[in-house]
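Residue numbers for the sequence shown follow the numbering used here, so the first one is 1 and each next one is one higher.
Take the hints with a grain of salt, since some may be wrong.
[To be verified] In the DSS-like style, the derived pairs of lysine-lysine whose C-alpha atoms are separated by at most 27 Å in a straight line are:
#1 Lys148 x Lys227
#2 Lys227 x Lys464
#3 Lys255 x Lys380
#4 Lys380 x Lys332
[What the hints assert, rightly or not] Here are the in silico distance ranges between beta carbons for each label pair:
#5 Ile129 x Ser76: 23 to 33 Å
#6 Ser47 x Ser126: 29 to 39 Å
#7 Leu75 x Phe31: 24 to 34 Å
#8 Phe31 x Ile129: 10 to 20 Å
#9 Gly448 x Asn480: 22 to 32 Å
Hints listed in this document are in silico derivations from the structure and should not be mistaken for laboratory results.
Glycine is no exception: its CB is placed at the ideal position from the N, C-alpha and C atoms.
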Amino acid sequence: MRAKLPLSFSILKASHYTFLISVVIAITYNFLLFDYVVQNTNVWSASGLGVLISTVVIAFIFSYTIFSLLTLISLSILRTFLVIITVINAIAIYFMMTYQVVLDRTMMGNIFNTRYSESVELLSISLIIFIVMFGLIPALLLTQIKVKQLDRVRVLANALIAFIVSFSFLYANSTSWLWIDKHASILGGKILPWSYIINSTRHHSSINRSTEGQKVLPDGVFTSNNKMVFVLVIGETARSDNFSLYGYSKLTNPKLQQQSNLLVLNNTKSCTTYTTGSLACMLAPSNQHLGYEALPTYLTRQGVDVQWRTNNWGEPPIEVSSYVKAGELRSKCSGNGCNLDEVLLTNLTATIESSDKEKVFVVLHTKGSHGPSYYTRYTKEFNQFIPVCRDEEVSKCSSEELINAYDNTILYTDHFLSTLINKLEKIKNTSAAMMYISDHGESLGEHGLYLHGTPYSFAPDYQKNIPFFIWLSDQYLDENIFNVSNIRQAPNHSQFNVFHTVLGAFGFESPVYESAMDVLHKPED
C-alpha cells in the first residue's frame, strides 16, 4: 500500500516560522536590490562589503518587524499577507527586470493610472510563467508549513532582540549611511515588498480628486472681444528626439513640415517623467501654484467655453463646460481612426462653431505614443517604417524594430495634428491657435531602459526632451500684427509656458500672467 505524503512538510514554532519567512522574503525577492549595491560599490573592499551587509540587514529587519506584528495579531492574517506579497513580488521583479523600472512613488502613480486596456497589453506568457514559478508556488510552500504553537511573548521578544541587534550593527557600520542616503530613492524603489506598499500609500495620500480646497487664482479681464479658439493638444510619451521637426533623420513629420505659421519651440523639457505630474505642471502658472485651480477651471470661471476631450487620463481635478471621453464620441465617428486619437476630432468644428462664447478653449488629451504596444497606436497606412516590434516584451525586439514602431506613432501624430489644423483653418470669422506639447518622453532601450517613469533625478534626457510647437491661423496673425518667423525664442522652455501662452493668446490680463513665460509675447520695441 502506497503511503500518502502530507502537504505540510514541516512543523515550526510561530517565532521560528516568522524568522524563517523573513529571511526567505528578504533574501529571495531582493536580489535586484543587492545586485544594484554590487554594481555600484566595490564589494571586495571593507566599505563596499559593509554597504552590502547593511542593505541585507535593512531588508531583513523591515520584513521581520512587520511579519512579527502580523503574527501577534493572527497567523491567518500573516499567511494571507504572504500569499498576496509573494505573487505581487513576482510581478514586480518581472517588470523591474524587463523594463528596468524602479517602484518609487511616481512609478506607483503610473501603475494606478494605468487603465485595463493598457494593462492587457502588458500580459504575456513569460509573465504568467513568472507569476506561477516565483509567486504562486513559493506562496503555497510558505503557507503549508505548520505552526504548532503561537507564543506571542516569544515572538515579541525575538522581534525586539532582532531589532536591537540590527540597529546596533547599522550604528556600528555608520560609514555606509552616506552611500545609502545618496542612493536612497533607488534603494527605496527596489526593496520588496515594502517599495510598492509604502510608495502606494504615499501616492494615494497625495491625491486630491476634488477641486474643493484648491486655491483660487486672481480674476482678470479680456482686452479683446474677437472670436478666438485655442486648441491645446496634450501628447503622450512623445519625445522630441524622434520628430523630424527637430532634426531627426527619418521623416516623421512630413505634413507638419509643410504647414505655414508653425512655431517649433526648442529645448523643452517636461517637469516629470509621468503623466499626472506633467499635466499638473502644464495647467499651472508655476511650480508654486500647483495647489491652485488648474487652467481649464480658471478659464471656465472667467467665462470661457472650455471643452475637454480625452482618449487618456491623469488630469488634475478640473471643472469645465464639457468633459467628453473618447468612448462617447465613437458612435458618431467614421473612419479607421475611430479607435485611435482621431476620434477626438469627431464633430469638433461644429462644436466650436455652435459655442455662444467669444473665447473657446479646447483640450484634446491623446493616447499618442503610449507603449509598450506602439504598433497599436496607428492605422495600417502609417506602418511606414518597417520591420516593427509586435511584442509587448519590447526588450525581446531589436532596436530597429522597436524604434520603427515608435516612429510610426509619431507619423500618425503628424497626421492627426495636420488634420486638426485643416479643420481649424475652415472655421470662419474666428482666429485660431493650436498648441501641441507632450507630457513626457520615452526610453527605447537606451542605457537598458524602456518606457518612462524613471525617477527624474536620474532619468535620461530621452524621457524629458519633449516636442512643443504652436500653429497660428492667418486671421490670428493679422489681428495681432506679427509674423511667426519674427518671434524670438527663449533659450529653453518648460511646460509652465503653456498656461501663460494660452492667457496671452486670449488677450487675458491677470496678476498671475507673466509675459516672459508667454512664447507668443511681443516685447515692446
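Evaluated hints:
1. Lys148 x Lys227: 79 Å, violated
2. Lys227 x Lys464: 35 Å, violated
3. Lys255 x Lys380: 17 Å, holds
4. Lys380 x Lys332: At roughly 22 Å apart (the allowed maximum being 27 Å), Lys332 and Lys380 satisfy the hint.
5. Ile129 x Ser76: 23 to 33 Å: 29 Å, holds
6. Ser47 x Ser126: 29 to 39 Å: Holds: the Cβ-Cβ distance is about 38 Å, inside 29 to 39 Å.
7. Leu75 x Phe31: 24 to 34 Å: At 28 Å between Cβs, range holds.
8. Phe31 x Ile129: 10 to 20 Å: 18 Å, holds
9. Gly448 x Asn480: 22 to 32 Å: 48 Å, violated
Of the numbered hints listed earlier, those contradicted by the structure are 1, 2 and 9.
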